[in-house]
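Enquirer: We have chain U; now place chain E onto it with these hints.
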Amino acid sequence: MSLAQMTVTAEPEATEQGKRWAGLGRATRLGLGILLPLVLAAGWELAVHLGWSNGRLVPPPSVVFATFVELWRAGELQRHIAVTTGRVAAGFAIGVIAGTFVGAIAGYSALVRRLIDPTMQALRSIPSIAWVPIFILWFGIFEASKITLIAVGVFFPVYLGVMGAIMSVDRKLVEVGRAFRLSPAAMMRRILLPAVLPHYVIAIRSGLGLGWMFVVAAELLGASEGLGFLLVDGQQLGKPAQIVAAIVAFAIIGKISDWIVVIATAPFLRWEDRARGAEA
Amino acid sequence: MLTIDRVGKVYPNGVRALDGVNIEVGPGEVVVVVGGSGCGKSTLLRAICGLDAPTQGRVVLDNVEITAPQEKIGIIFQEPRLLPWLTVADNVAFGIAHLPRAEREARVARVLERVGLADKAGVWPRELSGGQAQRVAIARALVPRPEVLLLDEPFSALDAFTRADLQEHVLALWSDLKPTLIMVTHDVDEAVVLADRIVVMRPRPGRIMTEIDADLPRPRDRQSAAFDFVKRRVLAALDRSLERNTVTDDGQTKTEAGAALWW
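If you read the protein sequences in the order shown, they are chains U and E.
Just remember that this note's numbering sits 932 ahead of the position in the first sequence, which is counted from 1.
Just remember that this note's numbering sits 1 ahead of the position in the second sequence, which is counted from 1.
Isolated chain U, as found in the complex (with noise of 0.2 Å):
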């Protein structure tokens, strides 16, 4: 079969099945990514009903959503959300706008790269958990250290997304911006950032998933509030329920808060020429 023929017989094929899966409603799409989750849950709730297993220390399901219920009406739980929420959300707003910051320029400018990208590479592949001794002696053991921490996290990621998305941006749209003599400050601004929001938005979710971990590093080692107290203080109580419970917690709010970032910069990337659909 001649490549003309393939095309031709493929390019069909391949939109139906477009349609087939546009066909389908945004709930039903909805459903299909909750399936996994629910089927592993009622598969645990069913052994331990059965007795296959005592779920002491794997609780099933219902334990655990009682524990949730339990923790939401005492008002504990929105409690330690909040406290943990309000730290991500100052060591993100930090991180990000540092990481932007300084990205842009290394990104822009050859030199500064030279001057700061290997030490910044250095200090990227050191483990969380080792910055966090040294913080609490710099910044005490409160928030102060917390923060730094969640905002090193987030650092990272958001710099060298923001200076390899700048390195790429297309010369001849440079050249137009420098055709209609834009200074550098407006080159950033005008061409370079508009070109790499795409990318941005990438480093950001990424920025913001470390943000989640590192949170829980800092609050396993030393806090009297948040999820990650929570998980510490099941722990040491052997309440496996409240553990997962915190667990479920982190994984919604995660999500919730990735889905933020998502829905807020949609509207600045309409803009792009995609192969394919809205992901998210």
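Honestly, the hints are just simulated from the structure, not real lab data.
Honestly, I wouldn't trust all of these hints.
Claimed, not checked - Computed list of lysine-lysine pairs in BS3-like fashion (alpha-carbon distance at most 25 Å, straight line):
| hint | chain 1 | residue 1 | chain 2 | residue 2 |
| --- | --- | --- | --- | --- |
| 1 | U | 1104 | E | 121 |
| 2 | E | 73 | E | 179 |
| 3 | E | 73 | U | 1104 |
Expert: Leaving out everything else, chain E in the frame of chain U:
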């Protein structure tokens, strides 16, 4: 008056792209530069607009030497190079951001009307065809009202119909404001349709081979004998520029036929 004075360019890797190029272009004149690939046409244009400085000689516009991009000089590239995150109207307004809003909007509306894209003001560049995108690029370059407009093979990626249509657009826009037009092309028909004067270049290093007057009345009839005559002269010069005609006295027609096939 734009003066290109003994301009030469040697790239850092040692390639001599241009050598001793002299051209004088009067206000409102249309000069088309033709030549084989690698004869430094684009390099010349980039030197004129100040994107790349020449290594010898200088480019002077109205007694000011050009060393960096100027407001008086606009450039249209081979590709539209629209900014994909701006709408068509915002792309056109890109070079006049310093003007007050009302003035900006009026100018954009007028020029979009002029290139026949008034209904596309709010769409994203990805929704345009190649010809439409290049028309937006022309509008963007014209809207700051440059004294000199440079065109670097602007229609080479388009089909013949779209190309002829865009040539008409360029001529119409040119007759509005009468900027000096310098265009690089490898399409001899295009050169004869647009030019007052055709500069033929030869490669390695890029030099001027000859200048041919194309002072035909406008609008030009592509079927006319005068048109054909100018075209044949350009083709013959191009053939000589590539040193493919070794016998000069034997069959002038032969050369021309060969040139017509080649170009």
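Enquirer: Could you run down the list of hints and mark each one as holding or not?
Expert: Hint by hint, here is what the structure shows:
1. U:1104 to E:121: This hinted pair holds, its Cα atoms lying about 23 Å apart.
2. E:73 to E:179: OK: residue 73 of chain E and residue 179 of chain E at ~13 Å, within 25 Å.
3. E:73 to U:1104: holds (21 Å)
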